[in-house]
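Please work from the sequences and hints to get the whole structure.
Just so you know, the protein sequences line up as chains P, V, X, C, S and H, in that order.
Under this note's numbering, think of the first position of the first sequence as 1, with each following residue one higher.
Under this note's numbering, think of the first position of the second sequence as 1, with each following residue one higher.
Under this note's numbering, think of the first position of the third sequence as 1, with each following residue one higher.
Under this note's numbering, think of the first position of the fourth sequence as 1, with each following residue one higher.
Under this note's numbering, think of the first position of the fifth sequence as 1, with each following residue one higher.
Under this note's numbering, think of the first position of the sixth sequence as 1, with each following residue one higher.
Worth flagging that the hints you see were computed from the coordinates, not collected in a lab.
Mixed in with the good hints, there may be bad ones.
With a Cα cut of at most 27 Å, we get these calculated DSSO-like pairs of lysine-lysine [stated by the list, open to error]: (1) S/K168 with S/K157; (2) C/K64 with C/K78; (3) V/K41 with C/K78; (4) C/K64 with V/K41; (5) X/K367 with X/K109; (6) S/K133 with S/K71; (7) C/K60 with V/K41; (8) C/K60 with C/K78.
The primary structure of each chain is shown beneath.
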Amino acid sequence: MPLLMPLMVGALLFALGVYGVLARRNAILVLMAVELMLNAVNLNLVAFDVYLRDGLLAGQVFTLFVITIAAAEIGLGLAIVLLVFRNRATVELDGLTDLRETDPPTALPVTADEQAVAT
Amino acid sequence: MHDFYGDYALVGVVLLVGVSFVTAALTANRLLRPSAPAPGKRTTYECGVDPVGEGWAQSHIRYYVFAYLYVIFAVDAIYLFPWATVFAAPGYGATTLAEMFVFLGFIAVGLLYAWRKGVLTWT
Amino acid sequence: MTPVYVAVLAPFLAAVAGFFTGGRRPRTAVPVAVSGAAVALLAVLWPAAQAVTAGATGRYGDSAHLASVPTGTLPIGVDLRVDGLAALVAVAVGVVALAVQVYSVAYLKGDPRYSSYAAFVSLFTAAMMLVVFADDLLVLLVGWEVMGVCSYFLIGHHWEQPDAQRSAVKAFVVTRLGDVGFLFGIFTLGVAAGSFRISHAVGEAGRLSEHTVTVATLLLLCGVVGKSAQFPLHVWLPDAMAGPTPISALIHAATMVAAGIYLVARLYPVFLAAPVTLAVMAVIACVTMLGAALAALAQDDIKRVLAYSTVSQLAYMLAALAVGSATAAVFHLLTHAAFKALLFLAAGSVIHAVGTNLLRDMGGLRKAMPVTFATMTVGLAALTGLPPFSGYFSKEAVLGAAEEAALHEGPVASWAAWLVLVVGLLTIAVTAAYVTRLWLMTFFDAPRSGIAVHESSPAMRWPLVVLAVPAALLGFAGLGHGWLPHWLSLDERVPGGITPLDPAFPARPLHIGAVTSVLSIVLALGGFAAVLAVWRRAPSRDPSLRLQRLRPALEEAFWVDDLYDRLFVRPVRLAARSVRWTDDGVIGAAVAGSGTEATRVAGLLRRAQAGNVQTYLTGLLAGVVLLAVGVVTLT
Amino acid sequence: MIDVLEGALRVLLVLGAFLVLPLVVGQTEHKAMAHMQSRLGPMYAGGFHGWAQLVADGVKFAQKEDIVPAAADATVFKLAPAVALIPYLVVLVAIPVGPGLVAQDLDLGLFFVVAVMGVGVLGSLMAGWASANKFSLLGGLRTAAQLMAYELPFLLAAASVAMAAGTLSLSGIVQQWQPWWLLWQLPGAVVFFVAGLAELQRPPFDMPVADSEIIFGAYTEYTGLRFALFLLAEYAGIVVLCALTTVLFLGGWHGPYAESLGWLWTLIKTMVLAFVVIWLRVSYPRLREDQLQRLSWQGLVPVALLQLALTGVVEVLIT
Amino acid sequence: MKVPGTGLVRGLAVTLRTMTRPAVTDQYPDVKPELPPRSRGVIALLEENCTVCMLCARECPDWCIYIDSHKETIPAAPGGRERQRNVLGRFAIDFSLCMYCGICIEVCPFDALFWSPEFEYAELDIRNLTHEKGRLGDWMATVPAPPALDSQGPPPKELDAALKSLEKPDRPEPADG
Amino acid sequence: MLFALLGVVAVGSGVLVVTTRHLVHAALWLVLTLGAVAGCFLLLSAEFVAWVQVLIYVGAVVVLLLFGLMLTRAPIGASDELDSSRGQQVAAAVTAAAVAGVLVASLVDSFRGARIDLSGDHVAGSARQAGEAIFGSWVLPFEVLSLLLLAALVGAIVLSRRDISPDPVPLDTRSGD
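Shown next as structure tokens:
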């Protein structure tokens, strides 16, 4: 079986994941898209592991670790999303813009000596 | 065919058979069953009274914690299986056992934390 | 040599005491100042007497070496020297200083800052004494500069008035301009002569190369021109009249302005070794002489008339030096000190009485102020050079020296001597004209000032009388072949080279030519008659109005001031303003601009922070992709 | 060609077992529960003692009208029963009935079983969510929480057996089984069985379908054949659970004349366990939701961990 | 010391024991249930006793007893005068409303109404559950005899009253027995 | 060939996950994607990893996601504003296409001819080999992993159960069990 097939599936899944993360408004959908990306990575790992006949089975063991960490991560991500939902009653990423730059402060305070020079 | 695939070929076939069986049953049912749509029938069932509000009910956050507890422990448990097959083999004796106990020990601490925090009980 | 120390230190101590105690106990300022001046005068009389009694052939001279300041190359010796010249000039300074101190006690009665004024006058006297007695060029320079500073403070005594401030600064700047040349002149001379000692330098004059001597003397000439207000740098003296009148009398008539002439006299052998410089001096003197006299003719302010006349008379002294007779120059210096101080103090009392400087507001003061009228008349007569007053004798000495240099072989080129003689004679006529105008407008016709005029107080009257005596009689000292040249014991140009100042050398006698004296008397009377005729036709009008179109030129002193203003002051101010503009306009703008520019650019970036996390991520990933592509394609 | 036929035979066998056994269990449940409540149970269907009651039910369900609530999310609503049922069918493949008799002996059969059982949760969640009914949503959440909570002891107990046997393939485990394991793995067995019961929402743990609280939980809105499929899933689950327990803990086909009658022993043991399941349904009241969770996390999981420790230590000692 | 698990085991034992014992269900359509004598199946009407006093209709909580009557005048007996007499027209009980409380039976002064254990009178149409006078009369056949008195129990009041009236000496013997 | 089928299923359902307008459908399409990927693992002979993927992802993570959806009031029907503004979508699409392009180009460029040989002798996917690998050479990451899981667990509990933290935030207890 040509190695390219799993790699292509992995690449496409990854691209879909990227699109999902960037285009989706709902935080949980973004988390799902992240899952997609992680799966793409796993597929890649396993494909290369089998292709290279790795003695240490590094690819597969890493896939296990990635799955574990992804599970932990998605758990925490959702906990945060739920917390946000409780505070803001919405999980729309567009709404969460509290950290944006407020409009610029009024013009810089003209220092004393600038005034002196100006007169 | 390579016997490795053979094993799962059968599983695949069984899966297909199961799916086809269910679809067959449902299509047969579609043929046999009467269909007398009436508005009353299709309203959401709420002990006979008219349904109030939308189909969503506020549910407590603790369900999420249980689900998450399961996720964490499931992720531990899957390491048990390869360990189970390997730990008794020569060359992996007590040290592997100790490793797994350390592994499970940490997770048990997590469980203890949940327990002491009273996450598992509610009034 | 102790009297020399006393002469220098007494006024200095008076000044110091005045500065420290003046603020708290103003009443003590007057005795301190006056006693300072008196002690200085007495101290100076003693060497003067010795100079006079030194005997027919002897030359009186004594010097003292106090300390030597190592400077790496040429050491500066704190040397003092007294001889006939120094003593006589010191006496003149002492007399005038004492007169001014006494006079200003009355003149500035009730002035809040009298103590500082008196202290500055004492300090000035000390500085003048130092210049007179200095035997080391740099010590002389110290006295020279302290005098400049004192003149600045004294001119600016009424510093609340803007024109006083401006003229003080103008005086200070213009004299300093001259002093720069003077300083370099000292260096060139000192280095060339191997030492800063004046007597040593004078001795070495013969051996120095023609070129260095010319350069040194020319540079020294700059200092003299600046300090004695000669042609190019004379503009500050008329404006200096903004200071109180006693100061004009002391500084701008008798002492400071004379210092330049005294210096040339001191270093005369060096100057004699540089005929080129003498020619230059001659030309400068002539131009200044005539120009100043003409300007004095059209001035409306009494003090400015006297100021321009001072410039003209100083030109006479410079001319005398140019034509080779230092003795004539010093003689004219002494007489001029006396009668010009007298004239200024008289003018002061007139102003004090009338309350204004302007001639058109005066008139008819003859009866009201008899003593001032009398003493002023003596001064004016001396100024025009009418016999028997002192002015006649000293001016004739100068013209005589010019005539002798023109006719016989003199140190300077003959054309220069002739030029001096002709211009000298012409200036006598003009001098007579403006003296007569001043005299008539001030004392005759109906009184034009509104207020009742009365004679000034005795404290002001006594100095007038005291100064009137030498103004009248000092001329006789120059008669004959004896006294004055002997006292001064100046080494003149003697055919066959310059001899060092050695006691044995006989002093050159003053020579008064018969023709020039008659000619000058005729010219003086002519000038007097012309102005009298014009004045009689319209007694109340200013006789100078007759000049119509010429008058503005004269009044403005041929617009030299405006010329300088336009040539130097305005460009410098323009340059200053442009420097300031570039400083804050360009550099300042650059600094501030960089700040505001950074803020503006930051503003653009800020807009990108819209807070939407996904836009950030998009940017991030796009960047990563570009990087990846870059890496892949480039490597 | 032969192995294709043989394969087809195995598939048919599995399908047959999947269809027949749950009905048998269902029938025994009706009768046993009745008699435990001193009732007779179905008597009329099929003549002697109502033996064909469930067949009659099946026919009835086939003809009932299938109603999808207006507010429901149609596609998910229709898919839910399939997702709930199929895992149990697929699991039957790996269960060894006799010494050689197994539909497909997978190398990591046990893990395969556990993984597929995990998928069952989705079915009830989808049902709960799709029917847009407050009660079914709560039911769905309860089911999911319960299944989640009890999947873990299930896993751990299975792991302890795998440790004891040293292999994950079920037939291998049954091969390795020795009688003294009964005692050795006893706590594991109890935990496994109780967790299994909870997995199937059988009465002591049937809060998700507690009719007194939330009508029929996630399956409230279901009617007709879809409802029947959910019930079939439940009974198939009982069969699978009992079979698994026998295979893992009771030594599967071990017993006198194992060679020939091995499959009979498995069946007998499975039937006995099924009876116990029914028996528990009748005798015990329903637990409260929090008691359920606490039992799992504070009861079963620690016991399972201890069992693991015990197995590990003993295993290391004896080898 | 009570071992914690015993309660659970004893529960199992109970269910097991009941399973082994024969079930108590008797299969109704084939085996008639023997109901207790006074079980309240249906209400029977003895038309003769009813004097249309309307007590039962008035007392019925559900108002499910419908009675019509009309007055008849009985010709005077030789020595008396004419007497008005209520004659029962319609007497019906609507069993779909009846809650089987039995107040009508207890309140009837003339014992015209009786309980009958009969319960198989289900109807397809709810209107048929209103039993008219005739049907109520038919139910009388199914009314069981009143239960025998308890042997040791106190004699019934009526008997006492009758005996007492017999013992009262001063009462003249009724003329005709 | 089978792998191509699974690949198509995976990518197809992946596309649906990111484009569907039903929130819950997205989760279910995700299940299908994960199942397809598990199938791919199976075909790549990574047996153990496949079933781990099924158990963890399909069994636990997706359920968690569904929980998340249910707790945040996900609407039943189609909701149209699941995607960000039009501009953002276009930007995302462009970026995604660029990522895909780069990946595909570089992968194809470097692994054009490579083939995976799945012949019998080398099957490394079983649990035993995985076990040997993990407990043979990957022990340290394995141990560290438990720490990570502990941290994640404690973190999630602290985050979600604010009502039992030191300064409890009273939860809205009105909401039933």
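Status of each hint after checking the structure:
1. Between S/K168 and S/K157 the alpha-carbon distance is near 16 Å, which keeps this suggested pair within the 27 Å criterion.
2. Restraint check for C/K64 and C/K78: the C-alpha separation of about 15 Å stays at or below 27 Å, so the hint holds.
3. Restraint check for V/K41 and C/K78: the C-alpha separation of about 17 Å stays at or below 27 Å, so the hint holds.
4. Simply put, C/K64 and V/K41 have alpha-carbon atoms about 13 Å apart, close enough for the 27 Å limit, and the pair holds.
5. Of the supplied pair hints, the one linking X/K367 and X/K109 holds, its CA atoms being roughly 25 Å apart against a limit of 27 Å.
6. Annotation: proposed proximity of S/K133 to S/K71 holds, straight-line Cα distance about 18 Å (limit 27 Å).
7. Restraint check for C/K60 and V/K41: satisfied, since their Cα atoms lie roughly 19 Å apart, inside the 27 Å limit.
8. Distance check on the hinted pair: C/K60 and C/K78 sit about 19 Å apart at the alpha-carbon level, within 27 Å; holds.
Of the numbered hints stated above, none is contradicted by the structure.
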